[in-house]
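Protein chains: 2
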Amino acid sequence: MAKVKKQPRPKAETPKGFRDYFGADVAERKVMLDRIAEVYHLYGFDALESSAVETVQALGKFLPDVDRPNEGVFAWQEDGDGDWLALRYDLTAPLARVFAQFRNDLPTPYRRYAMGPVWRNEKPGPGRFRQFYQCDADTVGTASVAADAEICSMLSDTLEAVGIPRGDYVVRVNNRKVLNGVMEVAGVFDPADPDKNAAERGIVLRAIDKLDRLGPDGVRALLGEGRKDASGDFTAGAGLSADQAAIVMGFMQAKAASGAATLGNLRDLVTGSTIGTEGVDELSSIAGLLDAQGYGADRIEIDPSVVRGLGYYTGPVFEAELTFEITDEKGRPRQFGSVAGGGRYDDLVKRFTGQAVPATGISIGVDRLLAALRAKGRMDSNDTGPVIVTVMDRDRMADYQQMVAELRNAGIRSEVFLGNPKNFGAQLKYADKRKSPVAIIEGQDEKDRGVVQVKDLILGAKIAQSATLDEWKSQPAQFEIARSDLVSELRRLLAAQK
Amino acid sequence: MAKVKKQPRPKAETPKGFRDYFGADVAERKVMLDRIAEVYHLYGFDALESSAVETVQALGKFLPDVDRPNEGVFAWQEDGDGDWLALRYDLTAPLARVFAQFRNDLPTPYRRYAMGPVWRNEKPGPGRFRQFYQCDADTVGTASVAADAEICSMLSDTLEAVGIPRGDYVVRVNNRKVLNGVMEVAGVFDPADPDKNAAERGIVLRAIDKLDRLGPDGVRALLGEGRKDASGDFTAGAGLSADQAAIVMGFMQAKAASGAATLGNLRDLVTGSTIGTEGVDELSSIAGLLDAQGYGADRIEIDPSVVRGLGYYTGPVFEAELTFEITDEKGRPRQFGSVAGGGRYDDLVKRFTGQAVPATGISIGVDRLLAALRAKGRMDSNDTGPVIVTVMDRDRMADYQQMVAELRNAGIRSEVFLGNPKNFGAQLKYADKRKSPVAIIEGQDEKDRGVVQVKDLILGAKIAQSATLDEWKSQPAQFEIARSDLVSELRRLLAAQK
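If you read the protein sequences in the order shown, they are chains H and X. With the working numbering as the guide, the letters of the first sequence map in order to residues 1 to 498. With the working numbering as the guide, the letters of the second sequence map in order to residues 1 to 498.
Hints are computed from structural coordinates only; laboratory data are not their basis. Take the hints with a grain of salt, since some may be wrong.
Intra- or inter-copy, both count: the list cannot distinguish identical chains.
DSS-like cross-link-like pairs, simulated, lysine-lysine; straight-line CA separation at most 30 Å [claimed, not checked]: (1) Lys-435 / Lys-30; (2) Lys-350 / Lys-330; (3) Lys-228 / Lys-498; (4) Lys-330 / Lys-447; (5) Lys-255 / Lys-447; (6) Lys-123 / Lys-255; (7) Lys-498 / Lys-30; (8) Lys-61 / Lys-16; (9) Lys-435 / Lys-350.
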């Protein structure tokens with residue numbers, strides 16, 4: 001038989017922009033998501049896990065990054081000139097599809113939460129991944145601002161439940177209708193012809209969203225002729241006159257010392273605009289509901305600088321910001337920033353059904369929130385390694401397996417070393433790599449005497465690092481116990497190590 | 001401005017072969033997966049969540065359904081003639097890639113578990129979906145059969161942990177080496193030229209795998225010239241002579257009353273084949289280890305009819321079967337069948353590195369195991385609906401929100417009705433659809449008197465179904481309580497409803 005030519009070896013690489021999560025990373029995320037789900041569930045929301053794959057048609061184009069020509073999704077065509085399918089890029093577009101599809105069977109309002117990966121076909125970069133987790137809660141089918149208020153209070157409760165202390169976060173609330181009112185006053189929005197000047201308003205929206213990054217001057221430039229950035233790239237502006245831009249800038253700076261004062265400023269700014277006044281009324285109702293439940297400005301506040309980049313929001317918008325400082329890559333202190341955002345979107349279901357279905361919701365950036373919890377040292381998943389039963393005599397595997405069976409029955413995480421047992425040092429190195437708290441040793445001598453050696457690896461590591469010989473003598477890192485006491489002695493030791 | 005031509009409305013449909021999971025479905029799967037993860041973790045396995053997307057090159061072609069020309073994966077090319085990417089079709093191929101990529105940082109052996117969706121680009125059919133969950137545990141980097149034995153005992157523990165009682169399942173074990181030995185004896189395997197007759201052996205393998213479905217005659221036909229099925233479709237056979245086929249059939253029927261007797265039969269069958277004898281020795285070691293830990297034939301047994309369809313297995317293979325009967329769609333009783341399978345695969349990592357890395361593992365079919373637990377009535381996720389606070393007076397939303405805030409602080413799942421409150425009947429219908437245990441009513445009259453009405457919806461449903469008026473009088477489904485007793489009274493009522 002002729003030799004078949006060898007194929008070149010495939011590369012063992014995660015695709016660009018993707019990553020794998022190991023051990024503690026998975027465990028920590030699970031702990032956090034479980035806590036979030038508990039709050040959502042307590043609030044009456046039901047779980048939904050929609051298909052990861054959608055038709056491109058159903059997904060539509062609602063990606064935040066409208067500046068980029070790329071569609072931003074991973075898409076492919078079904079065999080035989082079939083439908084175009086794509087990976088979901090968020091959890092909101094699939095919710096709109098699900099609600100439209102199953103609306104006759106679902107309760108209205110439909111309150112659902114969802115958590116899972118989403119995919120974006122974007123240029124990968126440092127810290128910028130093409131698959132990441134989102135965790136959403138939405139109420140579909142009610143226009144009541146009580147639903148918006150509830151999303152804010154739930155978000156506040158959620159952040160505290162996962163371990164962000166009160167005072168270290170703030171949920172900011174604004175309303176797109178107020179912004180539209182301001183635009184109406186500034187002459188770039190006509191309620192009788194809402195499509196007119198849509199492009200300009202889009203630029204205004206994104207400019208306001210960049211206030212943090214660009215500062216007032218940068219935003220003012222984008223409201224006017226445009227802005228050249230440090231690299232020389234030019235971003236076209238909305239073309240507003242100085243007077244028009246001043247009105248918008250006034251809106252962004254309308255935040256006052258109290259919520260009531262902020263609302264007063266906004267009411268003044270939108271005088272004469274019906275939609276603007278409606279927006280201020282809604283914000284006022286939301287503030288009233290939250291006050292009545294004790295969610296004060298230390299947790300939730302009205303902030304006109306919050307607009308959210310997405311085009312589909314139609315009313316209240318929310319953003320959760322972490323206010324504590326971290327050190328950035330250049331060693332400078334900066335606020336941690338946004339970890340969740342959302343708002344009211346009344347037209348997403350209408351795409352499918354023709355009927356307006358009001359909806360509101362929130363999306364938590366899971367990776368960012370996890371990073372925040374780690375930065376605050378609040379994420380010890382307590383994921384200790386297993387007890388390792390070493391193999392001194394490979395003919396007695398059954399004995400060693402019997403030991404771990406006993407330990408596991410007692411709820412103690414454990415395993416027999418299953419690699420090549422020839423080199424005992426390699427067994428201890430393995431235990432070290434697994435962050436094992438304890439290694440068990442039973443050679444023929446121990447077996448004959450009915451005992452086992454217990455190696456306290458936590459203490460052993462401490463001794464190796466710093467202790468003097470005297471200390472070592474009084475509390476040896478290795479000691480002998482009766483084989484019959486294995487479970488009780490390990491229970492004692494593991495509890496003492498905590 | 002000219003009217004823009006309206007786009008046709010997108011269809012609100014899950015793509016063909018995909019589905020969404022709602023409320024209890026998600027909750028039940030989570031309960032089951034959490035229990036499985038607990039056992040895996042106790043056994044010393046660490047979590048891994050690899051990227052859902054892989055390069056096509058890294059994935060390779062290891063799909064079980066080799067009869068189909070279609071590659072079986074959802075794939076697309078990166079922009080600009082880039083890499084071909086694809087959704088993972090199982091959790092084993094990504095594990096091989098991860099181990100090859102990170103082998104210098106990972107402990108050896110590397111014991112990992114993984115759970116998540118996988119995708120298959122197959123023709124969808126009834127009960128056949130293109131996205132489904134798998135839940136795997138694998139040990140990479142050890143040739144020890146103790147690792148195989150452990151996978152079997154862990155699988156047994158796992159099934160009991162999720163709620164399959166002992167006696168309702170059996171983990172069957174076999175060894176591909178024994179099968180190769182049988183093939184050697186039958187003259188279709190030559191250890192000196194292992195590639196020879198590979199196609200024939202593939203057909204034999206798949207034929208044995210179909211014993212349950214086709215019976216001995218069907219398998220014998222596939223071992224010989226081929227087989228025409230009821231629809232008239234012809235499947236080509238392996239072309240074995242009657243004598244050769246008889247040897248293979250003897251192998252499949254080698255199972256005896258005890259494990260020792262089965263091993264004896266197998267040893268006889270492979271007399272003269274080195275690899276076959278090695279396989280029987282391995283099976284014998286596995287049986288010894290399991291016996292020593294008390295896993296008898298009531299839980300784990302040697303069964304030569306288990307071969308597993310996948311081509312990459314090289315040694316022991318496992319299958320977990322549920323032995324209780326269910327009623328099929330035609331009303332006939334049948335055994336529930338397989339819910340998990342796996343085995344030893346020593347060459348998957350070698351594809352990347354050139355070095356052989358022995359590995360063994362198991363994959364649980366999550367949807368099938370869930371279906372089994374539901375069929376046995378063992379899956380009550382206890383996911384009751386929320387308490388619904390109805391809205392009698394829409395100006396008092398803050399009062400109602402205050403009630404649910406109190407209830408939620410007490411850990412009672414609850415919500416204010418957020419739909420249109422005009423029609424009170426619609427509010428109760430909503431509560432019904434949510435499977436709410438209780439509705440709370442507070443009109444102006446109640447508010448003035450400092451009371452609320454409590455509607456016991458569980459009892460109400462019972463009364464509506466069957467009770468006489470007398471019973472209704474003694475235990476009314478609606479009663480009045482002091483507003484200040486809301487939390488304590490609901491706690492009492494919800495506990496009594498259990």
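Taking the hints in turn, this is what the structure says about them:
1. In this assembly of identical chains, the alpha carbons of Lys-435 and Lys-30 lie at most 30 Å apart whether taken from the same copy (20 Å) or from different copies (28 Å).
2. For the identical chains of this complex, Lys-350 and Lys-330 are neighbours neither inside a copy (47 Å) nor across copies (42 Å), given an alpha-carbon limit of 30 Å.
3. Within a single copy, Lys-228 and Lys-498 get their C-alpha atoms no closer than 56 Å, and across copies no closer than 66 Å, so neither meets the 30 Å cut-off.
4. Taking the closest pair of Cα atoms, Lys-330 and Lys-447 never come within 30 Å of each other, the shortest separation being 58 Å inside a single copy and 59 Å across copies.
5. In the homo-oligomer, the alpha carbons of Lys-255 and Lys-447 never lie at most 30 Å apart, since the shortest distance is 76 Å inside one protomer and 37 Å across protomers.
6. Proximity of Lys-123 and Lys-255 under a CA criterion of 30 Å is satisfied in neither setting, with 36 Å inside one chain copy and 57 Å between copies.
7. For the homomeric pair Lys-498 and Lys-30, the shortest alpha-carbon distances inside one copy (22 Å) and between copies (29 Å) are both at most 30 Å.
8. In the homo-oligomer, the alpha carbons of Lys-61 and Lys-16 lie at most 30 Å apart both inside one protomer (24 Å) and across protomers (21 Å), since each shortest distance falls under that limit.
9. With identical chains, the CA atoms of Lys-435 and Lys-350 are at most 30 Å apart between copies only, with a shortest distance of 28 Å across copies and 54 Å within one.
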